[in-house]
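Take the given structure of chain A and dock chain B to it, following the hints.
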Amino acid sequence: MYLMSFCCKKNHYLLKVFTTISFVLILIASPTINSLGANPTASGSETLQQSTITGKVADANGQAIPGVSVVVKGTTQGTITSVDGNFTLTNVPSNGTLQFSFVGMLSQEVAVSGQKTINVTMQDDVIGLDEVVAIGYGTQKKRDLASAVTVINTEEMSKQPVANVATALQGLAPGIQVTATRGGDPDIVIRGIGTTTGNNNPLYVIDGIPSGGSYVNPSDIESMQVLKDAASTAIYGSRGANGVILITTKSGKSAKIGVPKVSISSYYGFEEPWKLLDLTNTAEWASVVYASNKAVTGGTPPALATWIVEQNGGKFKGPETDWQSELFQSGAITNNVVNVSGGTDAGNYFFSAEQYKQEGIIILTPNERLSVRMNSNWKSNKFSFGENISFTYNQNRSEVVPDGRSAIQSAMNNTPNLPVYDATKQPGGFADFNWTNPDYSPYASGHDAGNVIAYLSRIKNMNYNKRFMASAYGEYQIINGLTFRSTFGITSTDNNTRNFTLATAGQRLPNTTLSESNSWTYNWIWDQTLNYSKQIGQHNFNLMGTYSSEYSKNHNFNASGQSIQTEVNDVLSKVESNFAVGGGESETSRISYLGRLTYNYAGKYILVANVRRDGSSKFNTGSKWGTFPSASVAWNISEESFMDDLKASTPMSRMKLRGSYGLVGNDGPIGAYSYVPVLSASNYNNGTAGIVGQTVSNLTKNPNLKWEKSEQLDLGTELGFFKNALSVEVDFYNKKTKDMLVNIPIPGSSGSSASITRNVGSILNRGWEFQATYRKSLGDFSYSIGANLSTNYNEVLDLAGQVISAGGSEFASSSTRTEAGRPIGQFYGYKTLGLFQTQAEIDAYVDANGLKMQPNAAPGDIKFYKKPNAEGKLVGVIGATDMVYIGDPNPDFTYGVNLSADYKGLDLTVFFQGVQGNDLLGILTAWTEGMHNNFNLGKNALNRWTPTNTNTTVPRAVRGDPNKNTNISDRYIYDGSYLRLKNLTVGYTLPKAWVNYVKLSNVRVYATGRNLLTFTKYPFYDPEIGSGYVGLSASGNSSTARGIDNGYYPQARAILMGIQIDF
Amino acid sequence: MVSCTESFITRDFDKGSYDPGSFFTTKARADQALVGAYTYLQNQYGQTWGGVHVMHMALSDDLYETPKAAGFSPWNNIINFRINANDTNDPWNSWYAAIQRVNTALDNMKLAQAADPAFTKADLDVMEGQAYFLRGFYYYSLFDYYPKDKIVLRTTQVLNPGENYIKAPSTEAETFAFIEADLKKAQELLVKGTNTTSGYDKWRASRGAATALLGKLYLNKKDYAKAAAEFKKLLPGVGDAAYGTYALGDYRANFTLAGANNSEAIFEVEFANVTTPSNQRGGGNQNWSFNDHNAWAGMLGWNFAVPTYKLDDFEKWTETIDGKPTTVYDYRVYASFLGVPNGINLTLGTRTVNWIEQGWFKKEWYAANGIDITNLKTGNDKPMTGASYYVIGGLDSYGSFGIRKRANESNINLPNNDPTSTVINLRLLRLSDIMLNYAECLANINSSNLTATDVNSGVYWVDMVRIRANNVMTGDQSHLYSARPGVKGQLPLTTPLMASKSWTLMQAIEHERYVEGYGEGWRREDLKRWQKGASFVKGKSGWTGWQSLILPVPQQELDRNSLMK
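Chains as they are written, first to last, in the working numbering: chain A, 1 to 1063; chain B, 1 to 565.
The shape of chain B in the complex, shown without the other chains:
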């Protein structure tokens, strides 16, 4: 009549979850651990915004504080890189959490392979290769965003509470070597080819991804020879097919839903609306979206302003259209920005709006450029009067988009949709980035080789990027990219550009990287490598910390980790 003692009060099986000690027994389950490690990409790049978003995802040196953003506290936290700000803390914590997941996967995959006869060594190699890439990628991000000598290295999961939560950081050299080793292991273990290889999930890391990232690791250390050797493996014509085959396509396609995982993609974060998960295990709705560009605006609030003055950094020319001389920009402008003033209507769903309605505009800029805005109207058909900036696009709270890349155009400004969300993939590594990185290596290895036809000259690779930019886009809304559909752009090739501007090849590369990768987060890393952070913040009072373009070790970590001095 009496219930048993110790066994009656032992309830160490939580039905709601799986026991990590006994779960990873099959290949499929081992892969679940690996999938868990990928998830942080979507978490981090899809849902948060903070120091990384502002510096990496948003407009880099084009941050422009509008009056309406004045005093917005998260903004201030970022601007000054406060060590106690969430925007400093979140990326730190997130990347380490992702590393913990990778280590969980690495710790358990071998055990699963031993337990599951169907789990071959080749399968394990491919899975471990991805895990090493991911760990390399997450450590690369920490190494890039935080002080290089403050990174805590871990190779196994933290499992034993109270004992090894606290660990001292490693030296810069140790961390570099760690990342290098991880990426090399990934290169070795991952399958040949790209993520377009048949049967291989497009969203998973490939050998090409590991190679590109390894090259960037060397490049940022200015080890140009090693970097060039890695980049070269991926380039059309000179590359090694064992590392994948990549090709430049439609520029605009890189920023559309249809262009996901295209031939230029080396590594992407997948985003999609999936509201009916096929195999749900407590995961809930998996409706991922990417909403970096648009911080919550509040009512008539503020936004990341589109710095329209930055249009001047893009090349432009005049064409006669409908009998009138019209300013036409480098076509990449139209793929990058919303609201470029070409007066062309755009059909968004059932509604036709003028591009001019989309975005933030500085009235003075139009005046200075001789554009008549007298008859412009706001989205709710009110005349534009008063302020220098307009939140255009109607009645909703979202204002509008600053940059068009990845903007969810089908949703912009349409009632019942949230235009801040986009399901367009985020290209973390793409070919033209690597081409220009390679050009930079060549320009540093042999700056005197300016032969445009020589694959060993940086000019050759910059030209490839510019030639592509001149091609008429065939993607969606193609009429936007050219005032005269079917007519190619008039960007000069690199050599005449350098001549006309009296630029060195390196300056031409800097320019090209700016316009090609506008708003894609290349800029911060470039400025850091080129040590131009100081000149960038010139004149921006209170922007402390931007000279080094790195975030400080968060106060929270200093408080909680006694070994982090």
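Chain A extracted, bound-state conformation:
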């Protein structure tokens, strides 16, 4: 038990330092204890007349506001309004001033001036300056933030039903690029890609507990902040380099003490692909394929194509299967949420249960989530405690097909003459699956594209994920201003995949196979924090010190086998042969010491300094520890008296300048045991049995690895105009990754041609972020317009002379290239120079030695650019050395625009999201107009080059592609810019009188359209292509292979109807 052990060794001086800091904090606090304890109400020698004041606080609608803080200015004397908004304060000096503050409302000061009753109407704070924002191990008012923290408007988020947290973030905030990925959570990149090795996912912290992903039901979210610069992320040092998303889930609220509030919300709708491709029908396909085969000396077109062209006048009247329609569907989405919350003076609670079900737009790819949550917070005098417990169950079925192609590619490739089902139309009676039956063999059509419907039906690849998160905290107020908090959190994840393939006659799926794998991760984290706040006059101090330890264990096992039975046997006990088992385990642990000083003078000058010392088990002794300091300063200039004139004479109402600089560490790109040499099994088969062999596989282990560091500068300004109705934020950042963990390939003559990870690289990300929001109320009509835009310049500064090639496909081993001096993951391939029109042109395209550079070309083939060699000469046939940079997947800027309006219960939310200036590598081009094999094609293949159709960009049809027209080239590069109406929601909140009549407190109905409009030049299914790639020979990671489309699961268009009921 690591948790409870107290096994400290003599040299762990850090612990002593920590303990000392704790004592110092207590000592600092001691005089305060004495002074406060001795005379809590003393305010000097002058004694004024004092009286009791009562009052009520309400909002603009006259609704009482409970929980408003009422404080006598300049003292610690204060109270909180009751459930009905009332307060009572005794011993208030008659010349005193009361300060009223409440989250989401503008603070107010009211002079007592002898009054006995003071009723206050609070106004909404449109930009939430007094909103308390979670910043990691503490909170801060938004007004006092000195670093780049984006507060997500969860109210707006809640109006638009979203499937997951990441989707909700898309386009909502600058500097956060969210891109869809296949199936799972979208990719989130905060302020550019900073590493070439691992992924760039931000760290999610849910209720204070770092989490591996956004595992939270979106409707449970109370608040969400994105920490972007070093000063804000430093507090999560070891994993904050890619940014941090802080999520706080809801806690209980109750209109009446002890009476639970129940909310039910539900939506239902359909989604479908917003675009299908225009593919050839059988006769058109036959015409192209006939030509492409005939273009080869001795080539034989598929029998069917020959028959259609030669004997049937180019016509075909057989079945025409639309494989796209067979594959895609209109899939239902349902979501039901119930939550119950409530509280008393002693505490509050929140329960929720959610069911989410999505059929998917590709058949047989359902996704289902069930989750429950329980949060509660309790307080007893100086002690408060609470817990957050959640359990999420998720199951989904993937669309993977076994021949290495994506399902979408399979649907594109299969020819329409082939029926989906054979004559029996029975389950399993799919056409083309029985290869011995020539009637249904794709070989009659001369290709091997699988029956994707059969694949998806016969192959059941399931993923079951169970995630349990629980955390409990206790906080004790040692003295006024000094608290100790201990938080312990456990996360247990159980991930089970079950791949079951049901055999079919013929060769496609010859065996019934089952493989199951189970990966179980157990993680605990324990934070102990001392927090001390002190106000001396206008000086506000906050000191925080935390000791954090974390442990994680992953245990996995897998088993597989075959069965000769053909009925459904998807349990391992039915497996009869080819048994195999495996398993493994890994552990990682971290220790962190962190401290933060926050100083604020009169709300004008703010200084925050952080230091964090992290130790990680992923590094060898001597390299385990890293220290990561950061600091930020902010100046609320508008609070200065010299600004009063300016504020009076111009619309400007607020101005803040801030800057931060810091260093953040990252151990994410490497796994456990990165420095530990190991043996790996290497067995020899002696003819009848496997003889166990072992071999050293430690060549790629590096004992000298150390922390990757990210050095970040942020300069920002926050402006308010028209009494803050318009708020504008501008940030500039410069983020430089140093000692970057880079995989450096080693020469094969060493005995390994793999890579060794070293701290050698550097990447720069630099950009601007703009955000503006305007809110206005005109009587019953209120509206807001928000817009954000961000730019990011990415450049690999140093890669130790290495070039990283990634993004392999069946057309090339790589299609992206990363090297120093250029942005990460650029597309790399051949440059095309149009089509050869005549043989003379081909003959004239010779190198310095007079030899043809494209000897296999014929008229209609693509002319490729020849890159001069080191001597500036053109030498040799076109080949890999002629490849150049052909495109950049990184956008020039990303942006979002959202509009919302309310009028007498009607609400409208319109949200546009866009990406501008990025390129996409549309490998699907090879399928729509490749003509190198006998697959089905796009209609543009009909516009191919022929001697009579020369004014075209589509090359000639030739089977086998002797000129390599399918080379990865600029022909595959498309402008990936798009503007998308991401969300349009119209809602109506029923009048209170109606709903109260049926004993409800609130009813809202709404309709939402997702992805209703997309403006893009991209010709394939969807321009929203993130990382990850499927297909034959696919390779590359999420950093270096982005924007490659070989049949990406497209974003769907959805129409949803929902209702929200509170009672």
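With a cut-off of at most 25 Å between alpha-carbon atoms, the simulated SDA-like pairs for lysine to any residue come out as follows: (1) B:LYS565 - A:THR881; (2) A:LYS460 - A:ASP322; (3) A:LYS867 - B:ASP559; (4) B:LYS565 - A:ASP882.
In case anyone wonders, no lab produced these hints; they're calculated from the structure.
Okay, now just chain B, sitting in the frame of chain A:
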């Protein structure tokens, strides 16, 4: 209440694997390191195809690019020996990786022997002998396939990252001496006898294997006397039993499952279907197969074409069969090729097919040889029309086999089986190869000795090979080898052959090596030794690099190893 600092974050034990620093403590474990070094044989010859496969395993000078293969990029990479092609890179990396494994074994075996009382010095000798053979074999392969002065020699495992990854190549003389020393050490340490010695794993290296390879090392250097001395030790009648006892058997048996590790085998790579490993330690399914002949064909794709015109290089005669004069070939043809046109049906599993259905055929060749193919049908019963080449054998994507040696006949063209896989062992060194090598030595040492009965004449040894070739095969499908079962072949012996063709003994040896070892990878090394690479590529435009028949140092190595100029 606080977890310990440094010890809490020290996790340097990876449960999923063994620690190389403490694992090799027993004989059994030391042997695991050695087994790991053998594995590369199966990896390299069983799973990859590339420059080595094309040059060594496939058809050597019989590569013939069909129109359907035109523009196939891996093919082009091989044809032109591009330095940045995987086909150039893979063998380089694989052999060095194998050497690293041998060195790991050598480094750890002594330590294990010191730690394990049951691990005797004699055991260690036998294990070290195998390791030296394997290292010699892997270096021999590098030395043979790549520039001789670009080989990096290592005697210990690379363990210290960042420090000794990069090493300069040695001179040709140094590398030769290194390989020679390894093979001599192997000869000295390995047990007497062959791999058929009782109790000795058949798949392990033997003293005979080390001897044969040492002889080849000398032969390729044209040091005929030294080569002959080594080869002679293995030959029936004149050899030294301390190096093993080998004998020629059924020719066809060399290429069948049943013939594995037969009396002619000197060193083989084992292949077998083993789907239930007896002692699995994360190794997964160990279903090895050998699939060199057939690159992935794609749909109606291309294949390594069987160059049927090459049948002319085999001797043939006419016999009257069923009253009709019929062309009959040197029986080795039937063991080598699929699809030889004798019109005989073959039972494959439950299906009877005509041999004619198997393989690629050039229509023009049949026409030129007066064979009527009017009524021939393809595997799916369609008439053969149109193209010069047919992919015959049905509906699957695999096309068919070019050469029959090691082809998995039980699987050919049968649904539910993958005919590209075969579990038949790969004979890397076999007796008739060594006999003909010996004959070549004798022909060079004393070219005037043509006495067929004299064991010191090359003629004697070529005759032995030809006599065996005339014997009716008794292996599987024996009816295929003779139009008249029970009747011996009519190949003349060497002397009349030389007379009829006006050949020298060396020319007769060249011919014999071609037909005897067809498709077994002898050819490239022979052509290289005989310096006939240039004439071989004559007329094949764009086949750069084939004159020397060696692969260039891969670009990847040049990029990563600053000492490799």
